[in-house]
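K.L.:
Since chain A is already given, all that's left is putting chains B and C on it; use the hints.
Protein chains in written order, with the numbering used here: chain A, 69 to 363; chain B, 415 to 670; chain C, 1216 to 1465.
If you are wondering where the hints come from, they were derived from the structure by calculation, not from laboratory data.
All figures in this text were calculated on a predicted structure; none of them were measured in a lab.
Take every hint as true, because none was put in to throw you off.
Label-pair restraints from in silico Cβ distances:
1) A:N230 x B:Y557: 28 to 34 Å
2) A:E233 x B:G473: 26 to 32 Å
3) B:L647 x C:Q1433: 30 to 36 Å
4) A:V158 x C:T1275: 32 to 38 Å
5) C:E1341 x A:G285: 53 to 59 Å
6) C:T1275 x B:G500: 48 to 54 Å
7) B:G473 x C:E1448: 42 to 48 Å
8) C:E1415 x B:D531: 56 to 62 Å
9) C:E1331 x B:T422: 47 to 53 Å
10) C:E1448 x B:E526: 33 to 39 Å
11) C:E1448 x B:R512: 22 to 28 Å
Now the stretches of chain B that chain C is said to cover, found in silico as 3 or more residues with beta-carbon under 8 Å:
12) 585 to 592
13) 600 to 607
14) 611 to 625
15) 640 to 653
16) 658 to 664
Some, not all, of what chain C presents toward chain A, calculated at C-beta under 10 Å:
17) R1268
18) A1271
19) L1295
20) R1301
21) S1307
22) A1315
23) A1360
24) D1371
For every residue, glycine included, the Cβ atom is placed at its ideal position computed from N, Cα and C.
Chain residues, written in single-letter form:
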Amino acid sequence: MSPSGAGSSGITPLNALLLIIVIGGAVAAVFGPQLLPSQLAGGIEPLALPPGAGHLLGTDSLGRDMLARLLEGMRTTLFVGLAATLLALVIGTLYGAAAGLAGPRADETMMRGVDVALALPFMILVILLVSLFGRSMLLLFIALGLVAWLPLARVARAGVHNLREEPYLEAARMMGGSRGYVLRAHLFPQLGAPLAVYATWMLPVVMMQEAFLSFLGLGVAPPRASWGTLIADGVARIETAPWILLSAGGSLALWLIALHLAGERLARRLNVHRTTGALERTTAAGEPDGGEATA
Amino acid sequence: MTAGMKLTDVRVYYSSSEPVLDLPILEPEPGKITVIAGPTGSGKSTLGHAVAGLLPFMGARAVGTLHLGEHALPLDSAKKWRGICGKLVRWIPQEPARAFTATRPLLGQMLEGIDDDLKVNEQLVTLLEVAGLPDPPELSRSYPFEFSGGMLQRAALVSAFLPDPMIVVADEPTAHLDPPRSLDLARTVTRLVRQASVTLLWITHDLRMASAVADHVVFLSEGRIEAEGEPGLLLDPSRYEPLPIVYASARLAQPL
Amino acid sequence: MSAPNVLQISDAAVRPAGPESPLVLQGFTLSIFAGEIVALVGPSGAGKTTALRAAAGLLTLEEGTVRAPKRLGYLPQHPLTAFDPRWSVLRSVTEPALLAGAIKGDALEKAKRTLESLRLSDMLWERRPAALSGGQLRRAAIARALAADPGLILADEPTAGLDPVATLQLVDLFHQLTESRNPGVLWVTHDLGVAAAVAERVLVLEGGRIVESATMEQLAAQPRSETARSLLESWLPLDVARARSMLSGN
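So here's chain A without its partners, still in its complex pose (with noise of 0.2 Å):
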């Protein structure tokens, strides 16, 4: 009697094609750049030049190659994004499971303080931030990362307090083990899926905003490229050159919903809210607690 609702086994047709292009877009932007280096055209002019014989994506306003320039500021973004969400998860998690085993008015006021923060306007900061230090990936990464652990830490905070309570912790506690045993060996290995799965919920999020930082130029500095520099390229000539915006802006929508998507059907499998973490519980197939002992 297996639970049910743990999702099937496998990969269907959907999950791979998503799986492809999460993780073929990750390949392509962390080695692409290195195959297909994004030179200047030759020539005066440099020439916008649409889809054509040498350049899949045509080019863009500098007449670089369109896909070049794609694959670097996919890394960009990506870099960004994974660098912010790593630093998220470290300070959300020590700090939200402290907040979860912590006593209840030290948990209170942890938790207030994340709440107040929460409600500061970010964008705010991060221009502030921009203006003192100038424009720079560094300082991108670090910005996003610390706006993005405090919903983190929320997840973390709420999966250890939710835990706490459980019996198999106490029956744990009662067999003769420390309260740093019971921890390490059956709580936090818990907390494992929640986490994952909000870290694949933020990493759209965290990519979203870097690039559209860059899109109003508080991000990333030229010649570098990001994602959201290549889309206010494309904002510009529009009409002169649309295959920028599209190859941009499409190319960024189609990765970040197949990243979205991916992640829902990762906590679907794992039995995780999406947006709360909580770990869901698959009930034992029919039986209460009744049964013969001798069966």
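P.N.:
Just chains B and C now, kept in the frame of chain A:
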């Protein structure tokens, strides 16, 4: 209200092809307490659900009919039960004292879902008296937290006997209750049954409780009736060839 | 001749819910010898579970001492939730021995042998708790309580909610398996019938302390405490005539 009740040709299936309940006929005595006894998995809870009209909502496939007074209710159709469920057949849950929320006065909660005001008024005063509870005006302005657990239990029991049902089903009502509370529940229920003259089905695996309350006993095992009859006969291990559950209950009651 | 006592609680006072909360145990003294099975009875809320937790060393005592072995077996009330849902049954059954410091190989061997003696098929060993039936889980819980050969077993109403057949089976199984191992057992219950079937000696908990200690026969014949009397008075016998008269209040 006293009326006849009869279950005929009942077969209930969940996920397998073996029925969890298979009863050609069951006809409890009107106005009396019939105990449905058996180990876990014997189908006794399913029987309770069948009588209460709940089977269509539980994912069960069922055939058979519940005859109630002049109604003939098929077990697989929820529609025909409308107006019957909750009126002519009432249900006593486990841990009845927990049926109330702290935020509203007690009487309102006891009468929730019952809209036959006339009938209610007639009976309410008598039933409250029988159960040893304060009168309606006091209950309508008091909140649950002002009463002891025992009194809340009795209040929940009284509402199961409103407004004048034909059948009351009690599904393991004393499960999880400590002995003093169980005894109080049994006393209250027996008094209410006599006062309201309903037919009560008491589902339990506690044979000592059955000894105290049963007018008639039906033993279920693996979905079928294994034995049926007088409590004095069936619950006496020395006189009746013991069923496993009787034997086990006797072993567990030995030193006392 | 005196066997060593495996559990000794002396004059314990405990406020389990925190410093401002009421004392649940007070002047609580209890001792259990090796091989002795003792039942702790009392009405709901009297503090029986608190006594178990104190014996397990989980509570800070305001007063008094607890001396208990490091190796403890625990038999929970609800087996399904008392197992880590992500661990295989075998892993959970091996856990107590590992906690007590055994080497992995030994602990694993003991766990397997105990599971066999409880007739739990080896096909179930690698499954997760959710895949087992209620009855199988109860046997797995017994296996976990016994596998490490603990000196003391703490049982928290393991038969609550079970029908008489299952209750008797569990009690008999428990006796069979503890015969050779000889642990001390503290078994909490509010059912006098179970207490009588399981234990040689019954302790009555009242007002935070043990007020009576006797065999069930002695207790039934001459109860000395209010709690014992109340429990006996609400004990319905398996006898229609007597049960009915008790119901009508004679």
